[in-house]
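Work the whole structure out from these sequences, hints included.
Read off the chains here:
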Amino acid sequence: MADNAEILAGLAEIVEEVAGVAQDDVTAEKSFVDDLDIDSLSMVEIAVQAEDKFGVKIPDDELANLKTVGDAVNYVSANAK
Amino acid sequence: MTDRSTLRQAPGAPGTRILGVGSFQPEKIVTNDDLSKIMDTNDQWIRERVGIIERRFAEKDESLVDMAVKAGTAALADAGVDPSEVDTVILPNCTMPTQIPNAAAQVADRIGITHPAAFDLNAACAGFCYGIGVASDLIRAGTAKKALVIGAEKLTDHVDPVDRANAIIFADGAGAAVVGAADTPQIGPVAWGSAGEHVDLIYMRDDRWIYQEGQSVFRWATTQIAPIALQALELAGLEPSDVDVLIPHQANLRIVEAIAKKLRAKGAREDMVVADDIKYSGNTSSASIPLALDHMRKAGTAKQGDVVLAVGFGAGLSYAGQAFICP
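First to last, the protein sequences are chains A and B. Residue numbering for the first sequence follows the numbering used here, beginning at 15 and increasing consecutively. Residue numbering for the second sequence follows the numbering used here, beginning at 423 and increasing consecutively.
It should be emphasised that the hints constitute simulated quantities derived from the structure, not laboratory data. The beta-carbon is built from N, C-alpha and C at its ideal position, and this holds for glycine as well.
Listing some non-contacts, in silico: residues in chain A with all C-beta distances to chain B over 12 Å: (1) 37; (2) 43; (3) 44; (4) 45; (5) 50; (6) 67; (7) 81; (8) 89; (9) 91.
In silico EDC-like cross-links for lysine to aspartate or glutamate, where the CA-CA straight-line distance does not exceed 20 Å: (10) 701(B) - 465(B); (11) 688(B) - 66(A); (12) 683(B) - 666(B); (13) 683(B) - 66(A); (14) 71(A) - 635(B); (15) 683(B) - 30(A); (16) 482(B) - 456(B).
In structure tokens, the structure reads:
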């Protein structure tokens, strides 16, 4: 299973592809909405791609709790098979 | 005595095709700036979230039936079909203000179609593709000779005018197609279905206002609809690379683009024309696909003989798609 640094790198790739945010800007403390300017629909696209990439389920009600990149890394780390 | 063990069935047609298309939109244009005066929204936000620049709202005294009559009449004129030749009228819609009577019979009467089989069909935003599928199969079965399918909606009756999540999306209009027999099939089989387990994703709140779980609907539409479109192609004996024009239901430009991207990943061409009629029409539910088709034919972006792939999806949840040759 991927460690947190690998998950972060993988998420950064997805965020760049979906929202055009440079991978270097995607760091653990950043808020998706407030810092990276990612809207609710892009969050869904990121979740769908993360599900494919990490083999994890991210339901919409869980997605609402993933405020920061770090939240997402921890969620993937805890739930990936 | 007659042989009562075997009944007669009507001889069917070898194939079907779309003979003509027409549409109608209300005069009244509502811009994003107009909406920003009555609710907390703005042009940039709307364009980025849903891709709409402006939409059309019907006047108070302009009904779903009025719009359907105009679109149906235009489609018959385009097809060169006299109203007297039509024996079936199908009216996909989900916003008819009355349950009784239906819209289809009175629309048929006002167009001058005498005593056709006439019924409304509610599969929400999938309604038009459902309707084309039913019309095509009625003709193939010999039940109908010429069918008029009209998707018509007055969604503004059912949108809370200050609900900024929905009032920016939905609009009014009607689009229609005439379906008739053909020597060679030019309408593919419908790929359709429903997902009633998701009934609570799109519904009428307080029995009146359209409500949707935006993120969940977006996820469903961007992941589950491209496979339906691919299934429609397979049923018609086509490959993704055969598609000249893609017309997804105009729900949200980002959903439209996501479906197109998925189809291109499966071999659809980069030069495949993708409908973006939502920009100037908004989301008109069952009217959105025929509105887009009519506008694209008039603009020359959908040409006679083109392979068109249409796919609708919406409340229910319901979905349907088919390929057809552009008239």
